[in-house]
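Student: As a plain string of letters, each chain reads:
There are 2 protein chains.
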Amino acid sequence: MTKYKLTYFNFVALGEPIRFLLSYGGVDFEDNRIEWKDWPEIKPTTPLHQVPILQIDNEVLYQTIPICRYLGAKFNLTGADDFENYKLDNCVQTITDLRMKIEMVAWDKSSPQNFIDEKRAELLNKTIPFYLENLEKIAVKSGSGYLASSKFSWADLYFVPMIEYMNFMMKTNLLEEYENLKKVYENVMKIESIKNYVAKRPTQGN
Amino acid sequence: MTKYKLTYFNFVALGEPIRFLLSYGGVDFEDNRIEWKDWPEIKPTTPLHQVPILQIDNEVLYQTIPICRYLGAKFNLTGADDFENYKLDNCVQTITDLRMKIEMVAWDKSSPQNFIDEKRAELLNKTIPFYLENLEKIAVKSGSGYLASSKFSWADLYFVPMIEYMNFMMKTNLLEEYENLKKVYENVMKIESIKNYVAKRPTQGN
Numbered sequence: 001m002t003k004y005k006l007t008y009f010n011f012v013a014l015g016e017p018i019r020f021l022l023s024y025g026g027v028d029f030e031d032n033r034i035e036w037k038d039w040p041e042i043k044p045t046t047p048l049h050q051v052p053i054l055q056i057d058n059e060v061l062y063q064t065i066p067i068c069r070y071l072g073a074k075f076n077l078t079g080a081d082d083f084e085n086y087k088l089d090n091c092v093q094t095i096t097d098l099r100m101k102i103e104m105v106a107w108d109k110s111s112p113q114n115f116i117d118e119k120r121a122e123l124l125n126k127t128i129p130f131y132l133e134n135l136e137k138i139a140v141k142s143g144s145g146y147l148a149s150s151k152f153s154w155a156d157l158y159f160v161p162m163i164e165y166m167n168f169m170m171k172t173n174l175l176e177e178y179e180n181l182k183k184v185y186e187n188v189m190k191i192e193s194i195k196n197y198v199a200k201r202p203t204q205g206n
Numbered sequence: 001m002t003k004y005k006l007t008y009f010n011f012v013a014l015g016e017p018i019r020f021l022l023s024y025g026g027v028d029f030e031d032n033r034i035e036w037k038d039w040p041e042i043k044p045t046t047p048l049h050q051v052p053i054l055q056i057d058n059e060v061l062y063q064t065i066p067i068c069r070y071l072g073a074k075f076n077l078t079g080a081d082d083f084e085n086y087k088l089d090n091c092v093q094t095i096t097d098l099r100m101k102i103e104m105v106a107w108d109k110s111s112p113q114n115f116i117d118e119k120r121a122e123l124l125n126k127t128i129p130f131y132l133e134n135l136e137k138i139a140v141k142s143g144s145g146y147l148a149s150s151k152f153s154w155a156d157l158y159f160v161p162m163i164e165y166m167n168f169m170m171k172t173n174l175l176e177e178y179e180n181l182k183k184v185y186e187n188v189m190k191i192e193s194i195k196n197y198v199a200k201r202p203t204q205g206n
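Residue numbers (the UniProt record's numbering), protein chains in the order written: chain A, 1 to 206; chain B, 1 to 206.
Calculated directly from the structure, the hints in this document are not laboratory data.
A hint or two may mislead.
Note that identical chains are pooled: a pair holds if it fits in a single copy or bridges any two copies.
What the hints assert, rightly or not - Below, computed lysine-lysine pairings styled on DSS-like, alpha-carbon distance capped at 30 Å:
no., residue 1, residue 2
1, Lys137, Lys200
2, Lys137, Lys3
3, Lys43, Lys126
4, Lys119, Lys151
5, Lys101, Lys37
6, Lys200, Lys43
7, Lys183, Lys109
Work the whole structure out from these sequences, hints included.
Tutor: What follows is the structure, encoded as structure tokens:
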């Protein structure tokens, strides 16, 4: 039997879409949640000195989005055709762009507080609505209750934990005003395997 | 006949892998090279206020990597199986990570010169070798003369123009010491359609 081992911090963020995908796929994976204090020792053993990494038997996979796309293909969660696959990729990239913009502010430990406050306000009033309106329009167009394709896809399983992570960083519910994105979120959270995983996941460090 | 129109600056960077792919695919595309002075007017007409965008008949595609993967699928430049596709995605992501690290220094117009010099030295002595050694190992393992798969792929057509762009930013030939990556570069540049495109592309603003 194929052995899966995911190594990441005890945290949602980049590890969580992989956990969602493995849970959806019904894979009994080892969820190796490492502590910050152990990171200096683990770091040089990873290919790019970063996590998540996913070990599948003897192969070491790294880079979150490529891992997610691979698992998506494995679990039949791709789009119906090449153009739908483009639309999924496009949404995943757009979510990632937004996530990185938020991280730059949320994890900024060196700038003065008034600069950070200004940047947070800009995120809330301008950047986040701009990106989420783009995604909301795509969800309206798909009309499926899922993000970008005519059926449920790996992009949905990427979207939901990233929203959780961004909500955590911004300390608010970002989807409040986006009816269609909210529906995608709810539809994913309704899936039995995801519901079961979410019910039993550790709550600390969300 | 399907109409393709690529809109980007008169510059290599993010537009160039799309130009390489369209050239390889034998597509007679409109290469809409915009001037900086026209950008403020064009910007709000694009979905995420950024270029490149690729119009295919009435569809507007944006986000460079998703566009490249889509064209790769269209022109039969994907991997032999899901795992090879993962390896291509992984390389493309790693190249992108490196490119963004270089851009942060190369386009930094506000930091003091000694800070920028220090960061450039760190890139040259540490960051760039670290990433390129990772990619070199992958190219050695593929053993095909191409980046990550058993045959020529869209990742190769992404890799070469990104190297050109990073060479431009770092003002040096980054591949000098990487025999296998150099071979990938040369193999791509030998392809008839790429050779023809490169011979006739505008040289300014590389």
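Student: So, for every hint listed, does it hold in this structure?
Tutor: Structure-based check of all given hints:
no.: 1; hint: Lys137 to Lys200; in the structure: neither (33 Å within a copy, 39 Å between copies)
no.: 2; hint: Lys137 to Lys3; in the structure: between (39 Å within a copy, 25 Å between copies)
no.: 3; hint: Lys43 to Lys126; in the structure: between (36 Å within a copy, 16 Å between copies)
no.: 4; hint: Lys119 to Lys151; in the structure: neither (37 Å within a copy, 46 Å between copies)
no.: 5; hint: Lys101 to Lys37; in the structure: both (27 Å within a copy, 26 Å between copies)
no.: 6; hint: Lys200 to Lys43; in the structure: within (27 Å within a copy, 46 Å between copies)
no.: 7; hint: Lys183 to Lys109; in the structure: neither (35 Å within a copy, 43 Å between copies)
Checked against the numbered hints above, the structure breaks hints 1, 4 and 7 and satisfies the rest.
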